[in-house]
Amino acid sequence: TDLEVTHWWTSGGEAAAVAELAKAFDATGNKWVDGAIAGSGGTARPIMISRITGGDPMGATQFNHGRQAEELVQAGLMRDLTDVATAENWKEIVRPSSLLDSCTIDGKIYCAPVNIHSWQWLWLSNAAFKTAGVDVPKNWDEFVAAAPALEKAGIVPLAVGGQPWQASGAFDVLMLAIGGKDTFLKVFGDKDEAAAAGPEIAKVFKAADDARRMSKGTNVQDWNQATNMVITGKAGGQIMGDWAQGEFQIAGKKAGEDYTCLPGLGVTEVIATGGDAFYFPLLKDEEKSKAQAVLASTLLNPATQVAFNLKKGSLPVRGDVDLNTANDCMKKGLDILAKGEVVQWTDQLLSADSQKQKEDLFSEFFANPSMTPEDAQKRFVDIIASAD
Amino acid sequence: MSKTVSAAARSGSQTLAGPSGRKPRRMLSSRNIIVYGTLFVAAVYYVLPLYVMVVTSLKGMPEIRLGNIFSPPVEITFEPWVKAWAQACTGLNCDGLSRGFWNSVRITIPSTIISIAVASVNGYALANWRFKGADVFFTILIVGAFIPYQVMIYPIVIVLRELGIYGTLTGLVIVHTIFGMPILTLLFRNYFAGLPEELFKAARIDGAGFWAIYFKIMLPMALPIFVVAMILQITGIWNDFLFGVVFTRPEYYPMTVQLNNIVNSVQGVKEYNVNMAATILTGAVPLIVYFVSGRLFVRGIAAGAVKG
Amino acid sequence: MTGPARAGRPNQYFRNLPAKIASVPMILTAVVIFLGGTIWTVVYSFTNSKLLPRLSFVGLDQYERLWSAPRWLMSIQNLAIYGVFSLVFSLVIGFVLAVMMDQKIRFENTFRTIFLYPFALSFIVTGLVWQWILNPEFGIQSVVRALGWTSFTFDPLYTPSIVIYGILIAALWQGTGLVMCLMLAGLRGIDEDIWKAARVDGIPVWKTYVFVIIPMMRGVFVTTLVIIASGIVRVYDLIVAQTSGGPGISSEVPAKYVYDYMFHAQNLGQGFAASTMMLITVAIIIVPWAYLEFGGGRKRA
Amino acid sequence: MTDNNSVSIKDLSLNFGSVNVLQTLNLDIKDGEFLVLLGSSGCGKSTLLNCIAGLLDISEGQIFIKGKNVTWEEPKDRGIGMVFQSYALYPQMSVEKNLSFGLKVAKVPQAEIDKRVARAAEILQIQPLLKRKPAELSGGQRQRVAIGRALVRDVDVFLFDEPLSNLDAKLRSELRVEIKRLHQSLKNTMIYVTHDQIEAMTLADRIAIMKSGIIQQLDDPTTIYNAPRNLFVAGFIGSPSMNFLRGELVEVGGKPAFVLNGVTFPLDGYGAGESLTPGRKVVLGVRPEHIKVNEGTIDIYEATVDIEEPMGADNLLWLKLAGQTISVRINGSRRFRPGTPVKLGFDMSLASLFDAGTELRI
Amino acid sequence: MTDNNSVSIKDLSLNFGSVNVLQTLNLDIKDGEFLVLLGSSGCGKSTLLNCIAGLLDISEGQIFIKGKNVTWEEPKDRGIGMVFQSYALYPQMSVEKNLSFGLKVAKVPQAEIDKRVARAAEILQIQPLLKRKPAELSGGQRQRVAIGRALVRDVDVFLFDEPLSNLDAKLRSELRVEIKRLHQSLKNTMIYVTHDQIEAMTLADRIAIMKSGIIQQLDDPTTIYNAPRNLFVAGFIGSPSMNFLRGELVEVGGKPAFVLNGVTFPLDGYGAGESLTPGRKVVLGVRPEHIKVNEGTIDIYEATVDIEEPMGADNLLWLKLAGQTISVRINGSRRFRPGTPVKLGFDMSLASLFDAGTELRI
Ligand SMILES: Nc1ncnc2c1ncn2[C@@H]1O[C@H](COP(=O)(O)OP(=O)(O)OP(=O)(O)O)[C@@H](O)[C@H]1O
Ligand SMILES: Nc1ncnc2c1ncn2[C@@H]1O[C@H](COP(=O)(O)OP(=O)(O)OP(=O)(O)O)[C@@H](O)[C@H]1O
Ligand SMILES: [Mg+2]
Ligand SMILES: [Mg+2]
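Chains as they are written, first to last, in the numbering used here: chain D, 444 to 831; chain H, 7 to 314; chain P, 9 to 309; chain U, 143 to 504; chain Y, 143 to 504.
Isolated chain D, as found in the complex:
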């Protein structure tokens, strides 16, 4: 049966990863009809939602798991996957379990998580530091200290792409790394105003101020263009999720040799478990509905998980797969995961609305040097106060 699958994975590494999913699904005797929409979730989501609410749903669609699809589920537009989940025993195999919690609404499971994406990585270009004549830093503070040398060599120390979510994400990473896990959860999980206004967070804003200074001159929009600056040595480093690794791979770079990755910015080695999941709109066609079940189970199939996540540069959602082909960076991630040093990511903790407000704040903050960290913090507190 043909199933149309929509997603916004269109960059090089992403596309290669999707191909794995499609291959696995096609192998079951069905057909994966690809419905890629470029331009990140922002462009693609309204289209997906319009189609689902407009009564012309696709077979399956990517969302970031978390709260993006909550209302669609509540409106009864989504297929209940509990049957597949129980049959395949997802409760046991999906790890960390918080992933499945994000898919669960009123005790029913509505999505199939496919990977874990962690944002907390600092990617560094070994070549850039060599040019600048400094050692490759081992943590955020060393990186900040090395910035002047990089600048002198005409290298942008920290590449931050122009799209708002990148600045916002970078801040969240700084928050988790510098503020620590507890503060992070207090602020985003409990929406604790007092914590948000506190000195811990002020420190984070200080660090963000450094990041802002270091990012001057990036002049690119897309995250992968920013990554490319790191790959080509035009920038010293980039705070970006593990998906950036895919770009390094495609460019034929080797972890450790050509580039260095510092999880948790080398400060706090915690990984947030954001990620992607597939949702399955409710279809009338019996055949298709069956195919949906097949797709759901295929997605979590160990072989698929390995193939997909290796290409995508993300971590698999089940702990029982063999990832010895993984590279250095991924192994670092797996280790942290194994240690249980995980938190839920902002996608799961905050509504899209609050996320958007946060993005507005940080994209303004990063672009506008005249905005003091104190002002920014005040506004941040307001956002947390009204967040849900």
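Misleading hints may appear alongside valid ones.
[Unchecked claim] Here are the simulated lysine to aspartate or glutamate pairs, EDC-like style, with alpha carbons at most 20 Å apart: (1) D:K677 - P:D163; (2) D:K659 - P:D163; (3) U:K172 - U:D361; (4) D:K677 - D:E585; (5) D:K474 - H:D101; (6) D:K649 - D:D825; (7) Y:K312 - U:D338.
[Claimed, not checked] Sample of chain P residues at the chain H side, in silico, Cβ under 8 Å: (8) I41; (9) W48; (10) N117; (11) I122; (12) P126; (13) S130; (14) L136; (15) V137; (16) G147.
Keep in mind that the hints were calculated from the coordinates and are not lab data.
Just so you know, even glycine gets a beta-carbon here, dropped at the ideal spot from N, CA and C.
Given the coordinates of chain D, assemble chains H, P, U and Y with the ligands onto it according to the supplied hints.
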């Protein structure tokens, strides 16, 4: 009689008395310098981007990385064009713009025809058959021209869903018809109002009804404004991205969706040459329409827009 | 009267029925889509609808939040700046070009095609090309620097204070051709005798344009204004293609705010509140004009 | 309908919004009559014609054509044909198509169409033009085609809305004769709108003179010319205009006379409809051609030539008489230099006298 | 310049591309003269006027105004004022601004401007209108303002391009008199373009009749009317047109006569400029008012009334004579029913005879 003759006789000597014949004109008068100078400078501003697009699309990536964007290609390559047309990937589909081209054609032709048909009938009814309340609806329509498209997406999704045509080509054609209606109706209304009213009266006395007058009398005289409407609609619909992607399913996605995918889904370095080739390829149809019928466009604009 | 009894006046609603039937699409569009859609939008702007519209009213909350959002205020400010400049420059450049074109010049067709072709391209394309030309690393700045002026700086799209002008450059490139066409049509419609009268009166050409011709072209200016203004209010694609609202939020516009909050932030209520504000602004400007122009009195028999 | 009226208009009113263009207008037009509606621009002539044709919805009243109440009929069902000032030919159709369009729409059999077109073409002598487009015709030819379009429809009533006013003087006078001839041979009822009085005078059986939507006088041309019912009609008809002298009635030797600035004009021969009470303020109207210059007739008044306008066949003199300017039309061969003193004679039997207040003929 | 010529045109040629509109045209206009350029549409009248005004660059020749060679001068420096058919008032300016705009631009002192505007307003009696916009004026008032605009410029030569043809007949005849009066009081040179022969006849000191860019005859109105130089002029002037009878010369009793379809017309009294050789093919032209009907004069020809056109003061008869249709103008009080046989008398001293080949007057 004699007076004329003597004057003619005298004229021989007087030709020397001063300027005679055509007033001499310098080619490089200050007026000419200003006029052609301004036009030339403006023309550079307008041509430059097209030039950059074409030049870049003919370069290889290494050359782009090294040289500047205005220098002509050292080595002309059509690789980017081939890639943009037939190879560029979005997601798993690596067949470039070609898959979208026919969709665009399939969307543009019926949308253009139907939206113009509807708007021209509206304009005709408004100009010649004024009935109570028509002006109110028309005013609403004109105000509607100012509403951002995005705001209307939700209500329209609901309407199309209720009609059961969401996701179909029909639905998309209707959407284009709706959003083309304000400005096209305005154009047609002004044009038909500018035709002599007596013609309409004569046809009524001849016994022609609403449709007979429209088809037999008005349509044949409306060529200039049809050209304008056609150009506006072809351009608008062909270039549309939002409606094409929101109101249809992937098998109908227009070329602009592929363009967006090519331009926005970057594989490492942005392949500017492919982007530019894709851009030109996507713009080719409306551009050709313009180049072919630009003269008619100005004429039609003069007929339909000037009396506001 | 000894004639037959007075024939009854037929029902008004059925006179010219075909005309009314033919106008049904227009009436439906006007009422259901534009009016209905607007009312729907306004109603839902008082709710806290998130991803899907739902009728849980929260009073003016969305508006309060809207007017305290720095990004909205920035959007409004940008729209004002962009609007004023793009109106003024479109009209001025369009008019000046039209005047030049009206001087019985050679190659008129060529020039007209050159000025008009950008109008055939989408905003996505326009934004992309200009983003590139204005890119400091390989656009104009780098070319000029390569020529020797190493301190030359021209990177409007990356400088928050002037980014809106960078967008303006592209917008004008795309839109002035049409304005020029409209103006040219207007100029060609002016009575030849007016020009002669002015020449006999010894009025210099530029004075004739300013004091005589421009005042006579009111109709063209109004049409042009409607076209430009509706484009300004709706500006979205160009911004997205060129800057995505950046750097930071310095090139945000209301239409983008609406879109982002409706679809990215999944806060329909907020998006609707913002669009309601836009609609109110538009209505304040347009309705009185439209009434004067189309509503007030039937002008012809 | 009673009588042999072809068109009857009863209490017709029409308003555009709050503007009353026609006010309770009554008009009966006899079968075969040539009626001209004459009036200055904007007086409602076209509006009235459009009402008769059914192109405007009337506000009040009724319209009968051939005895049938057609107040709410469609134009095509009224048995009328109409010719417009701008010809209103369908530009994209050949002359033949222009003529046959209405018949085609009415689904008349092709043979019949051909017959009627041929007949109209013959009457109007446009056979050689049948294949041409209107743009390829001269003004006069277009006008003829426009008439032909009404002709083929075999209607009872022809309506003409200033059909000649777009043509130059020469052509106008030629086509005038043709229309007259057409009427003589067809004997249809014709209603003809114009603001050219020459047209009105030469064509009409009866003229209706309109002002602000009201018919001022409805009479045959001679009566209108010689006995205008009021000051407006008197001034409107005749070119150059009737001379108006504003003065007072007196009695001289038991006979009524008119006095202006001390000059007395005996009114011998004037056929007054009312008593000419001395002291009454009146307006004396005399047409330029009814004043004799230096012909030694009875009443002699002194005047001076102010301006001379030779017009070929005639010569128009503008004279100063008793402090007023009057115009006099004399034979084109008699010439006077400005400043020349002359003696005038008035023919009071052809003059008109109006009450200065009511402006009605006395 | 020699003489007292106000405007002199020497060998003027003008072509638009390959179209010759004016061909080596010569014209001398005396100081204070009122010259009318008359001709049918498209004959080049406006073109000639525009050349004089400097609004068109001429191809060949010279133009002198007040003895000064102005061939290459700007319009404003030629000492001319121009009035256009469409008035060409500046619609956004008040009447006062319309009048003063040119002076303001020329930096005339304000006091002087006020004086000139006041004077022009007085002459044209438009003082009450000074604050209005052109759109708020009637046609006649607009025309006056247009004249005023030329007036304030204190020019030597006034150029009028069909200034009255947008007005209705009544207003036209009124304004005609005003222009005539204006000329008598100002005594400026005026060049006036029209295609209305009544205007030409009444206004002109001399008329230049043009056809296809060539002046056919330049003479005073009486001469043009009574002794047209060629067939074109004869047919062009006079309404209704001169009757043309195409026949042959014969000799009857030693005297020349004209014969048509067997009917012989003795030419007694005709002042021929050349010999009237028998057998020569000629055209006899007789004006409608030079034919007598039933007046028992010398030559008696039988004819029948075809159509009658009463025009108030006159009555126009269309008669059948020797198989041809001719028109006759008689007094308005004399009426004939169609079909009536009548007897005609021709006054040959007022007739014209043209060679059928060259079309020139014999
Ligand atoms: N649609 C309309 N709305 C309002 N007033 C109108 C309309 N049509 C005509 N009028 C007014 O009605 C009056 C009569 O107009 P109408 O066209 O009948 O005049 P007319 O006698 O034919 O004049 P003309 O000789 O200029 O053709 C005019 O004062 C005109 O302004
Ligand atoms: N710009 C032009 N280019 C080419 N031919 C022209 C141009 N202007 C005028 N003509 C031609 O020159 C001839 C004379 O035109 P002109 O306007 O002088 O006529 P006119 O005598 O004023 O006619 P009318 O009485 O209609 O105003 C016409 O045949 C016209 O077609
Ligand atoms: Mg009328
Ligand atoms: Mg002319």
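Hints, one by one, checked against the model:
1. D:K677 - P:D163: 19 Å, holds
2. D:K659 - P:D163: 13 Å, holds
3. U:K172 - U:D361: Holds - the C-alpha atoms of D361 (chain U) and K172 (chain U) are around 13 Å apart, at most 20 Å.
4. D:K677 - D:E585: OK: K677 (chain D) and E585 (chain D) at ~19 Å, within 20 Å.
5. D:K474 - H:D101: 18 Å, holds
6. D:K649 - D:D825: Roughly 18 Å separates the two Cα atoms, so the pair holds.
7. Y:K312 - U:D338: 9 Å, holds
8. I41: At 6 Å from the nearest chain H Cβ, I41 (chain P) passes the 8 Å test, so the hint holds.
9. W48: 5 Å, holds
10. N117: 7 Å, holds
11. I122: Constraint on I122 (chain P) satisfied, holds at 5 Å.
12. P126: 6 Å, holds
13. S130: 3 Å, holds
14. L136: 6 Å, holds
15. V137: Holds, because the Cβ-Cβ distance from V137 (chain P) to chain H comes to roughly 4 Å (cut-off 8 Å).
16. G147: 6 Å, holds
No hint from the list above goes unmet by this structure.
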